[in-house]
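Number of protein chains: 2
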Amino acid sequence: MSTLHGVNLSPFVRKVRMALAEKGIAYDNEQVVPFGQTAEFKKLSPLGKIPVWQDGNLVLPDSSVIIDYLERIEPSPPLYPSDPAQRGRALWYEEYGDTAVTSTLTTVFFQRFVRKNIFQQEADEEIVKNSLDNQVPPVFDYLEGEIGDNEYLVGGRFSVGDIGVTTSVVNFRLAGESIDADRWPKLAAYVERVFSRPAIKGVVEGDLS
Amino acid sequence: MSTLHGVNLSPFVRKVRMALAEKGIAYDNEQVVPFGQTAEFKKLSPLGKIPVWQDGNLVLPDSSVIIDYLERIEPSPPLYPSDPAQRGRALWYEEYGDTAVTSTLTTVFFQRFVRKNIFQQEADEEIVKNSLDNQVPPVFDYLEGEIGDNEYLVGGRFSVGDIGVTTSVVNFRLAGESIDADRWPKLAAYVERVFSRPAIKGVVEGDLS
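From first to last, the protein sequence lines stand for chains D and G.
In this text, residue positions in the first sequence follow this note's numbering: the first is 1, and each later residue adds one.
In this text, residue positions in the second sequence follow this note's numbering: the first is 1, and each later residue adds one.
The set of hints was computed from the structure by calculation and includes no laboratory data.
Be a bit skeptical, because a hint or two may be false.
Put simply, identical chains are the same to the list, so a pair is met inside one copy or across any two.
[To be verified] Straight line, CA to CA, 25 Å or less: simulated PhoX-like cross-link-like pairs of lysine-lysine: (1) Lys-201 - Lys-129; (2) Lys-42 - Lys-23; (3) Lys-23 - Lys-201; (4) Lys-116 - Lys-129; (5) Lys-49 - Lys-23; (6) Lys-43 - Lys-186; (7) Lys-49 - Lys-116; (8) Lys-43 - Lys-201; (9) Lys-129 - Lys-186; (10) Lys-186 - Lys-201; (11) Lys-201 - Lys-42; (12) Lys-186 - Lys-42; (13) Lys-116 - Lys-42.
Please read all numbers here as calculations on a predicted model, not as lab measurements.
Pulled out of the complex, with its shape left as it was, chain D reads as follows (with noise of 0.2 Å):
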């Protein structure tokens, strides 16, 4: 069986458990954390970083490299759109999310989780408000203007887009914050929409808990 090196709270391991969970993937999961990795890890991931996806002797360290084989061997259900165009832009909303979103939502989930529980320190409320009231906002903004009133961010179906924006809202909430439904109204219903997946809210759910 394939493994997964990567601990569950991290936004772009959980993009690649929400993928195996869609297309029903069994595979073994090694927690492994971000920092302090040992020297067999790093010939694994020459960058340090999770998660990576280990098949016999391939090694693949990077989560949309991951997702993107995980369609090879398991096409169904799909997470690419088929058209060309509407295939670029899932891509370009799975990137948006893997810069944009997760960075902006990390600042506020590092101060109020990971301080916390992993360091034993409190939270910088400064950094917080800052980023709540000055980083998050024009994210969520451009995200309520995409999705506008469709189900899903690209062609009325879920694809490997609508996980790469949502995946850092669980970390969010972890922070104890979540989307202002009366600020960004198609936003909030969204990222409801995608974690009451059957499969997503599995993973979601787990992670929350």
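Let chain D serve as the given structure and place chain G on it in line with the hints.
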């Protein structure tokens, strides 16, 4: 005709130009720089990054996403292996190029080329020396081991992985540096091999001239 937004000297823009050249796709080119952009451009590129590909209503603001799209609309010659594991490895090398290789080689490029030609400042040679002594060697060591005695990184065929890891070598050369062929003979020969491909040669020689 479609438009590629972004300056030629950006390693990410060059990735797309290399793919376009290999596939023989004609396009317009808008020389947008990666800072001080107009509000109009930021609508196209929410992260403010280059390149952006614009094809009618379709807007794709990321080099990896653009090349994936180009493969769909013009599959020949293929830039992605058809075997899932080889494809995964090619995507991984592209990612390694986008991150470790480019961030490392950009340090020297920024000091020696950007500061001098754009900001009319002197290079900080202490930063350059530290990068050449400490940051660059581990990246070249990794690539030397990965290329080994193979013609290209994956499956003996040119792929997006080769584009990803070689694009920033052009910037390294513009900074007056080259890969030491005594220390990294396989890597140096491999980069020459990539740069001698007719389509790639046109792009590289144009940028170096």
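Okay, the hints, checked on the actual structure:
no., hint, verdict
1, Lys-201 - Lys-129, "neither (29 Å within a copy, 51 Å between copies)"
2, Lys-42 - Lys-23, "neither (28 Å within a copy, 36 Å between copies)"
3, Lys-23 - Lys-201, "within (14 Å within a copy, 42 Å between copies)"
4, Lys-116 - Lys-129, "within (17 Å within a copy, 39 Å between copies)"
5, Lys-49 - Lys-23, "within (24 Å within a copy, 33 Å between copies)"
6, Lys-43 - Lys-186, "between (43 Å within a copy, 20 Å between copies)"
7, Lys-49 - Lys-116, "within (22 Å within a copy, 34 Å between copies)"
8, Lys-43 - Lys-201, "neither (33 Å within a copy, 33 Å between copies)"
9, Lys-129 - Lys-186, "within (23 Å within a copy, 51 Å between copies)"
10, Lys-186 - Lys-201, "within (19 Å within a copy, 49 Å between copies)"
11, Lys-201 - Lys-42, "neither (32 Å within a copy, 34 Å between copies)"
12, Lys-186 - Lys-42, "between (41 Å within a copy, 23 Å between copies)"
13, Lys-116 - Lys-42, "neither (27 Å within a copy, 37 Å between copies)"
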